[in-house]
Amino acid sequence: CGNSSTSRTGFSWGCSGARRSWRGSRGRRSEWMGRVGGSCCPFSSRGPAPRADKRLRGHHTKTPTAPSNQSHFVFGRLVQVSKNYRSVIRACMEDMHQAAVSTRDPALQGQYSTQVSILSAMELIWNLCEILFVEAATAGPLLLRLLDWVRLHVCDVDSMVREVLSSESPSKHKLFWNVVDVFVLQGRMDEARHLLSKEASANPASMNMYKILDDLMKKMPVPSLGNTQTLTELELKWQHWHEECQRYLQDGTFASNPHMESICKILLGDEDAILEKKELMTTWYHFLVTRLLYSHPTVKPMELRFYAQSSMDLFLGGESSPEPLDMILMAAFEFEMHQVIKECSIVLSNWWFVAHLTDLLDHCKLLQSHNLYFGSNMREFLLLEYASGLFSHHSLWQLGVDYFDHCPEFGRVYLELHIERIPLSTEQKALKVLRICEQRQMHEQVRSICKIMAMKALRNNRLGSALSWSIRAKDAAFATLISDRFLKDYCEKGCFSDLDLIDNLGPSMLLSDRLTFLGKYREFHRLYGEKRFPEAARLLLTLMTAHIAPCSFWMTLLTDALPLLEQKEVIFSAEQTYELMRCLEDLTAGNPDKQKFQDDDVETTKVEMLRLALARNLARVIVKEGTVEGS
Amino acid sequence: AMEDVSAKFVSQKISRTRWRPLAAAALQPPDLFATGSWDNEDNRISIWSAGDLGNAGLNGEYHGEPHLLCDIQHNGDVMDMQFLDQERIVVASSTGTVTMFRHHQNNQTLSADHRWAKAHYHVDQDTSSGGAACTGVVCNNPEIVTVGEDGRINLFRADQKDAVRTIDNADSSTLHAVTFLRTTEILTVNSIGQLKIWDLRQQRNEPSQIFSLAGDRVPLHCVDRHPNQQHIVATGGQDGMLSIWDIRQGTMPVSLLNAHEAEMWEVHFHPSDPDHLFTCSEDGSLWHWDTSTNVSEKPSFLHQGGRSTAYLSHSTMNQSVVSAWLSNDPTKDRMEITNLIPNQTLSVNSLDVLGPCLVYGTDAEAIYVNRQLFA
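As they're listed, the protein sequences go chains A and B.
Take the first sequence: its position 472, counted from the start at 1, is 472 in UniProt numbering, and no numbers get skipped.
Take the second sequence: its position 360, counted from the start at 1, is 360 in UniProt numbering, and no numbers get skipped.
So that you can see chain A by itself, here it is in the shape it has in the complex (with noise of 0.2 Å):
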């Protein structure tokens, strides 16, 4: 797995090998491009984000973010949810890899390699907080489940195993008593047991320090999951084991065959012995393991801190300072978590890794509740950042509203100012959007952004795209303004454009007084335009008698009238003709600018010609009616 980058502190590439267990779906490693931290420190990636995430939804209906789950959360489906988000992290890793392995170019190549090691930290570190915080003592003894993260993430010997085992004589083989060593240290007795009974074998003359060593190994007690006896009773056991371990090494049974006397050593806690074999442990925390195994199996988690920092400073010698993943696990085993929070948030650029493992331990309902100095809690200002950062993203957004739906505090102040700075670029998106907005009553963004889409369809002439967001957000005012504009193209064009919409407004016309005037007028026309002259008429007046019409557009409709006032046949009845006449001197005496209205002579003129087209319909009328009435 990977070069070997084995620095003092064990910057481990946590490649599992054989224990990829994980069904993640891959994703694309193109969508990596983008994240690429480029910095010298390790840490400074963006992390897997809601990719991350978002196989997660696959794995689980509910993710542990939902509120409903602080009431009935269950320890094992919150350790399920841990170990999900590891799979997931370690797909991440594996895709990473891919990406690493294929690519010819030298400095992408460097930049998924850092990103695979920082992917690796983050799945130790997570690992591990579960373990110690998640997952409690019913999982079985902690020293057992520390050996498997060591043995997990400590894989830098595994090629070194696989070529001792694959050698055709193992026994032979330089390398050989390295890999010994390295079961022995990781507790692997079996596989220790096996190479040793190839190395009997083949070397007859040791024979009987083999069958003791042998048999050491197969009666050390460890602590069973099964839980089949007392604590005093393992204790007890294994006072005796290390007893009998202690006589054999005294009385010199291992002295012709350093490997074996070594190993013994080791069997007995020996930390010179086990620190002599520095290499193939390659971090301290390994060494904290194997001491713990070998010196104090029962191990309780509160008792590790009494532990973890002795182990690191005989490791590291003094020869090198931790590095900051030392001190985020160094915090881990002494149980301070707000501590590991506090260094994961410093050393890692981005927010996914501590949001999400607080929140996980916020359900556990291990965090108390630190409130910061505006009021709200770590978990949601966590969430809170994380959920930010989501926005800058050009597609991730949609998660971004998710998070923020389960920040109770300030999670719909922070929707309500991001969600209007999502650039619109279809009316598609304008429209998932706005779907958000109105599933959560934000009444205010819905208004704002239909009127950003009206503007934009404005701009474009599309008057009925303009027309349609109006309704969309209500908004009687946009509505006036787009029929002010279609009256406008009417009176300079002399005909109507758009007919297709304004002939099929139907309800939506009500939505503004000027929008069902436009419709109104239009029917004025189409009902002239069908020769139906009487009912044409009635509804000229009634735009202008009920107010329907803006004063501004009179003198237009009155003009409209004359043709209708000058037919052969008499349209407009007597009291129909005092109501226009009537309009007629409102409109004109009405005017401020009456001088100014005088001077104008086309306007002069029109309201001499109407004077005179009303006033001949009276007279035709009265003779009409009055003949009417006569006969």
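In short, the hints are calculated from the structure, not lab data.
Treat the hints with care, as some may be off.
[Said to hold, decoys possible] Using 30 Å as the maximum straight-line C-alpha spacing, the simulated DSBU-like pairs for lysine-lysine come out as follows:
#1 B:LYS118 with A:LYS456
#2 A:LYS265 with A:LYS278
#3 A:LYS277 with A:LYS219
#4 A:LYS429 with B:LYS118
#5 A:LYS520 with A:LYS451
#6 A:LYS456 with A:LYS474
#7 A:LYS278 with A:LYS198
#8 A:LYS300 with A:LYS342
#9 A:LYS488 with A:LYS606
#10 A:LYS451 with A:LYS474
#11 A:LYS451 with B:LYS118
#12 B:LYS118 with A:LYS493
[Claimed, not checked] So the derived list for chain B, only partly shown, Cβ under 7 Å to chain A, looks like this:
#13 LYS13
#14 ASP39
#15 SER94
#16 HIS122
#17 SER172
#18 GLU282
Think of the CB as a built atom: it goes at the ideal place given N, C-alpha and C, for glycine as much as any other residue.
For this one, chain A is given, so just place chain B on it according to the hints.
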């Protein structure tokens, strides 16, 4: 059945999924589909194999999981797409460009065969011309019709560089979808709730008929025509309503069926079994509408899980169930409506049905394939 649905997380929001059409005499079910993505900086058109049932995939994955054959970068969101024939697929972009891609079977690659740039655009007073999203595309080899946010209708031919015909300002609002009614007539739906028929033989730039919903002008987003009874048209609205129209009579829909809680993005009659209709929505659901009269005898699926007869194409059955779609009381004729998605999350943007296969794509960056829809 539910177990027959295979899911694949693809790390891109899927806007369209389309089965490759079957060759004329083909008997097997479709095995290849295309997807388009949206909202990414780098959108892609991808061709997938639907996975072999009963065999292990190339990487030892679950059998039946779709796997990627090839893909190609696409400029802008994929707004719509349709196969022109077995090799070519026409894609509508949010940039206003229409592109025809070719899938090369021999080496599993995609290439852009032809591009009609600026098929849809706005004439902005300030910035002269800017692209307008092309929202819908429909093909009837060799003809291609596209519509867009600019209210424009374009008629292309696969072998011609320029548009054969363009109707500018065909609609004052946004055209959301287009489909063929007959070989010379198309149907469009727009954002002020109108369904229009256009006769392409005529030179005038007016629709030959306009239909609209009775009440509020709720925008219509999708349209499909009954494969055999060409007067039956289904549309989906912004309020999630499914409307069935009989375009021989009246200007209003025959039935209005309330199902989804948000925009209905696509509606499809099953091409060979049209008493089944499928709709998908922003609310994350995908509904199967079943008007087959003898529901108990018909192939059952999902929650019923009974054994059924082999899947057959029932052209004769259609006669008797036509009335079901046009009936005013769907409950009387025992229409069965099933949501095919148990755990709804984000929007289902697209679906396609062909034979016994269903494919759909979501904003949750996943594609789902069910190859035993009628099992």
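Do the hints match the structure? See the list:
Between LYS118 (chain B) and LYS456 (chain A) the alpha-carbon distance is near 19 Å, which keeps this suggested pair within the 30 Å criterion. The straight-line distance between the Cα atoms of LYS265 (chain A) and LYS278 (chain A) is roughly 15 Å, inside the 30 Å bound, and the hint therefore holds. Among the hinted pairs, LYS277 (chain A) with LYS219 (chain A) is consistent with the structure: their alpha-carbon atoms are about 23 Å apart, no more than 30 Å. Under the criterion of a C-alpha separation no larger than 30 Å, the hint pairing LYS429 (chain A) with LYS118 (chain B) is consistent with the structure, at around 20 Å.
At roughly 25 Å between alpha-carbon atoms, LYS520 (chain A) and LYS451 (chain A) fall within 30 Å of each other, so this suggested pair holds. Between LYS456 (chain A) and LYS474 (chain A), the direct Cα distance comes to roughly 17 Å. Compliance with the 30 Å bound is thereby established for this hinted pair. About 25 Å separates the Cα atoms of LYS278 (chain A) and LYS198 (chain A), which keeps this hinted pair within 30 Å; it holds. Straight-line distance between C-alpha atoms of LYS300 (chain A) and LYS342 (chain A) comes to about 25 Å, which keeps the hinted pair within the 30 Å bound.
For the proposed pair LYS488 (chain A) and LYS606 (chain A), the alpha carbon gap of about 20 Å is at most 30 Å, so the pair holds. Under the criterion of a C-alpha separation no larger than 30 Å, the hint pairing LYS451 (chain A) with LYS474 (chain A) is consistent with the structure, at around 10 Å. Restraint check: the Cα-Cα separation between LYS451 (chain A) and LYS118 (chain B) comes to about 26 Å, which is no more than 30 Å; the hinted pair holds. Among the hinted pairs, LYS118 (chain B) with LYS493 (chain A) is consistent with the structure: their alpha-carbon atoms are about 29 Å apart, no more than 30 Å.
Here the hint on LYS13 (chain B) is kept, as its CB sits about 6 Å from the closest CB of chain A, short of 7 Å. Using the Cβ-Cβ criterion of 7 Å, the hint placing ASP39 (chain B) at the interface with chain A is satisfied: the shortest such distance is roughly 4 Å. For SER94 (chain B), the interface hint holds, since its Cβ comes within 7 Å of a Cβ in chain A; the closest pair sits about 5 Å apart. The interface hint given for HIS122 (chain B) holds, since its Cβ lies 4 Å from the closest Cβ of chain A, which is under the 7 Å cut-off.
Annotation: SER172 (chain B) was flagged as interfacial toward chain A, and the flag holds, the nearest CB pair being 3 Å apart, inside 7 Å. Taking 7 Å as the C-beta contact cut-off toward chain A, the hint placing GLU282 (chain B) at the interface holds, the least distance being around 6 Å.
Consistency with the previously given hints is maintained throughout, with no hint failing.
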